[in-house]
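Asker: Sequence:
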Amino acid sequence: MNNRTYFYLILILGSLTALGPFSIDMYLPGFPAIAKDLHTTASKVSLSLSGFFIGISAGQLLYGPLLDRFGRKKPLFIGLTVYILASIGCAMSTTIDMLILSRFVQAIGSCAAAVASVAMVRDLFPVKDSAKVFSLLLLVVGASPMIAPTVGGYVTAAFGWQAVFLILTGMGVAILIASVLWLPDSFKPDTSLSLKPKPIILNFLSVIREPQFYTYSFTGAIAFAGLFAYVSGSPLVFMEVFHTNEKVYGWIFAFLSIGFIGSSQINTLLLRKYRSEQVINIALVCMVIISLAMLFASYNGFLTLTLTIILLFFFLCCIGLTYPNAAALSLAPFSQNAGSASALMGAIQMGMGAAISVVVSLFEVPSTFPMTLAMAISSSLALCVFLIGRRMITRIIEVEAGTDSGLMH
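Counted the way the working numbering counts, the sequence shown spans residues 1 to 409.
Capping the alpha-carbon separation at 25 Å, the derived lysine-lysine pairs in BS3-like fashion look like this:
id, residue 1, residue 2
1, 198, 188
2, 247, 44
3, 132, 273
4, 132, 73
5, 73, 188
6, 247, 36
7, 196, 74
8, 73, 196
9, 74, 198
10, 74, 188
Just the calculated beta-carbon pair ranges, DEER-fashion:
id, residue 1, residue 2, range
11, 248, 170, 20 to 30 Å
12, 240, 198, 43 to 53 Å
13, 180, 154, 27 to 37 Å
14, 4, 126, 13 to 23 Å
15, 387, 305, 31 to 41 Å
16, 191, 245, 54 to 64 Å
17, 158, 363, 30 to 40 Å
18, 88, 39, 21 to 31 Å
The hints are simulated quantities; they were obtained by calculation from the structure and are not laboratory data.
The beta carbon of each residue, even a glycine, is placed where N, CA and C say it ideally should be.
Go ahead and model the full structure; you've got the sequences and the hints to work with.
Answerer: As structure tokens, then:
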């Protein structure tokens, strides 16, 4: 493909991938306002975030087989339509339960975009370029935590939190139109695939039995859970523990996202010299050290606002290095059932995120300790899974830039 086609593909696929993160990040500054309007607490409002994670986790298992059976575009269009309608429902919510339910349905719709974009990377680009493409997608996705909470803070202050969901509705409409007009058919529908529960389950089992898949998908998912701990805990930490307002919180969130997106782009340079596996190893070790330092500082009461921002910045840098490599290595063994593989990978990731965000939201008293504890546990477990799992892989399909050969251990 020529450079122009390549650019538009990355832009559309990046927009599809960014829809979920925008839906997560943009309403975070509105937690106190939502709690006040719906007569509840900020901790209860954070359950709407957990509901979103649960919806994405469950929805990806639904869309994976549909994307393989009917092709990429039809399930994508249906999902985006569901997302648009649910976003309107969020804006019209009058109780916290209605908001939680609407967020769950909104997630069901948005995960069609997430699964389709990941699967289409596998469809449209060679295996050797997949890690690079995932890093480029993260460049687009990185705009969401840089822009979304900042815009959300100003929109909430000026027009109320409901306006945030109306903006998300407009985004859904724009992405749907772009997908209909310019997204190519990247996969021929496989009519031989059954949508009955048993074949679907057997298909997922065949994917998860692949050692390379379960090693890197669980490593990436558990590490990524640290990001969800940060996202779900940061509104309480910054706005209730350190007493920042919605606008300042948005700017802090935007600054911290630079670490995540910047490191994901540095990853493309690192892959010229190192294997994805080596990058993951170093990043996970650094994650453990940083998260344990944060936990120690929080437990002993000297975790200040400045120190929190600094340590979170480098923690997110490590996640930006881990995720694209783990995702690429997880999907590298698959071609025919890449949709199911990407769906299962996403479901594992969001399932971990939902679990850890629920745990963080259970702590009613504002404190930095729940968030830092969750980050330390997730990074330590991710390193353990990586070290143990890679010993079970006899032949790894490498995604190092410039080669598509399998490297023997």
